[in-house]
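Let chain V serve as the given structure and place chains P and W on it in line with the hints.
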Amino acid sequence: MDHLMIIWEQRADILAGLLTTVELLLVSAAAALALGTLVAPALMSRRRWLARLATLYVDAMRCAPFLLFLYLIYFGLPLLGVRLSNWSAGAIALAVYNAAYMAELLAAAWKGLPSTMIEAAHACGFHGWGLLRRIILPPVMTSALPMIGNQLLQIVKDSAFLTIIAVGELTHQMNSIQSTYFIPFAAFLTAVVLYWAICLVIEIGGNLFARMTEEKRA
Amino acid sequence: MAVHQDTRNASPATAVSARSRQRIRVSLALALAALTCGQAAWAASADEIKSRGYLSVATEDDYTPFEFMKDGVATGYDNELLALVRKQLGVTVKQQVMPWSGILPGVTTGKFDMAVSAVLATDERKKTFDFLSPTSEAVTFYATKKGAPIKAAADLAGKVVGAETGSAMLTDLKNFNEELKKKGAGLKQIVEYQGYPEAYQDLALGRIDAVANTQISLMSLVKTRPDAFTVGQAIGKPVFIAWAVKKGNTDVARMVDAILLELRKNGQLYELQQKWLGVTYKDMPQSIN
Amino acid sequence: MTAYDYYSIVQGALATILLSVASIVLGVPLGLGLALIRWARVPFFGRVVVAYVSVMRACPMVTLLLLIYFALPQFGLSLDPTPAAILALTAGTAAYNCEVWRAALLNFPRDQYDAALSVGMSRSLRFRRIVFPQILKAGLPGLVNEMTLQIKATPAVAVIGIVEITRAALRIGARTYEPLPPFVVALVLYSLIVLVLVKLQRRIERREAAKG
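Chains as they are written, first to last, in this note's numbering: chain V, 140 to 357; chain P, -10 to 278; chain W, 177 to 388.
With the rest of the complex left out, here is chain V:
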């Protein structure tokens, strides 16, 4: 029990770690989704060179282990003269890596759209950007929503890797506490519970969002 008391005493540091994880999740998820939305049309573009470039990017991220990719960003960017903090390097790695997955699942959802709908939209005079924004993106987003939720869960789990580059997220804070107060089980169990709580929130959020869009559709 006194182990839990120690954990409770360190709650400020733990909260800081939890907030850092959530911040990383929000920032990199938003960036990944935005970047993915840009890459998805490129994946399906009729211009061969663009499609091939986009496929190369997606395949590269699919094959690369996240930890090694993270180190590449962490050590590689300074060599290009870009001075970044650990947090920024981690957020960039998370965003770029997961953007490829977002692009792929958005493209799959896009392909699932009935072509009749797009033809009808063309007939009504929708083109280019307007077509994308008003006709294509809404159903793509709604049908891709569960997969996007999965990807968010993956981002949360990948964020734990950032402890290795000394970003003060949840696992890092817990490791610090357990090695200072010698309470490994209490510390890591608390971490598992908190990660589980974050994923719970994501799932509930996803369900709420799905219900909202269902209402809009009906």
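Hints may contain errors.
Straight-line distance between alpha carbons at most 30 Å, and here's what the computed DSS-like set of lysine-lysine pairs gives [unchecked claim]:
| hint | chain 1 | residue 1 | chain 2 | residue 2 |
| --- | --- | --- | --- | --- |
| 1 | P | K177 | P | K226 |
| 2 | V | K250 | W | K313 |
| 3 | V | K250 | W | K387 |
| 4 | P | K39 | P | K83 |
| 5 | P | K254 | P | K39 |
| 6 | V | K250 | W | K375 |
| 7 | P | K59 | P | K271 |
| 8 | P | K76 | P | K39 |
| 9 | P | K148 | P | K171 |
Residues of chain W clear of chain P, computed beta-carbon distances all greater than 12 Å [stated by the list, open to error]:
| hint | residue |
| --- | --- |
| 10 | L206 |
| 11 | Y289 |
| 12 | K313 |
No lab work stands behind these hints, which were simulated from the structure alone.
Glycine included, every Cβ here is placed at the ideal spot set by N, Cα and C.
The following block gives chains P and W in isolation, referenced to the frame of chain V:
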């Protein structure tokens, strides 16, 4: 192109109430598990060690010059000292090389009998550990990039300093930060690393302004890279470095201590000190508990 | 980078792959077992499996590894790094495999099962001859997908000090103060290995899609 991860996290569309009931059950189960985590583990006694035939020790994997890996072999001051101890011990030594943040907790939970590592014997640690006769002395210093504008310890105010998670150097750094705050401004940020090699790399890349470590390790660093780093001033008080066992496990400590004191008498300890640390500490006490 | 450095990266890659393979070999049947427990609606253990999968889905591999390696000794279960890594990796992949197998089981046509029952097949025969071959076919894309992800997630074992590919590259960089070359080599080498598996996965997916 098929979609990646399609069934991975797919949750069936069940009623919300069933889901939340299940979640409440899971959280209760986890809470129950949490209540049991005050359990302290036992450490093997000297008799148990003799009967099972081995002593299990843990050594850090990258802490130059005390212990580090070279071409796949564990070497350094502590490792060569351990080799000498192995010859006289009578039981085999099972050594695990691992990150620092697991070594001391590993001793308290009974995973290892002894931490064969450069453990700084702080008063705080003496509450949880018994220390063997010291192997070295240490003071926490800081190091900066060569040519950095930090000329004295007080100049660290407003700077980012790194140290290893769970180390006494980190504690010294935190105490130093408190002192700085009393005089005005404290450090901008303390960054905790899994190991010092990562901290030194960040220092070289300019992500942090200084690294806090023992003077011995920093001297070793500057010796290999005199063009990149300089050692600054002390920010902590002198402590002894010794191997550690769980508090109360005195007979296990005595088993190895006898050999260490023997190595002092025949001078081999001081030879190793000169070889790896560059200094000898001939006036260390025999017991620091 | 010296010759020994390249050798240590290759050795690290081998160590990582062996850990992945071990966890895959253990995790696929374990996942099937867990899925069967839920399918058969075993009273208490079914709920345990649900809770287990739910927690494993949310838990990062890094945190799980730290928990198993550093925290379990408090309960007397002290593991060496490699068994601890295999345990953690297997526990994680078994949870996901359970969901893949479960999806395949749920989609299994009930009438085939009833037909087998009416013909008087024993339970083990029913499973071996009728159910298993078909759920294996149905679940294969998901399982191979999970294997690919598992091979990519294995470098997490670096946190408990196993000298696998990431740690090998890190050590070289720490010594030479040129961290990028070893990591580029490690990244390229490991990505090539995953690429082989991804190509295999694509081929399987295409075959399944062609079958309709």
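Which numbered hints fail: Checked against the structure, no hint fails, so every one of them is satisfied.
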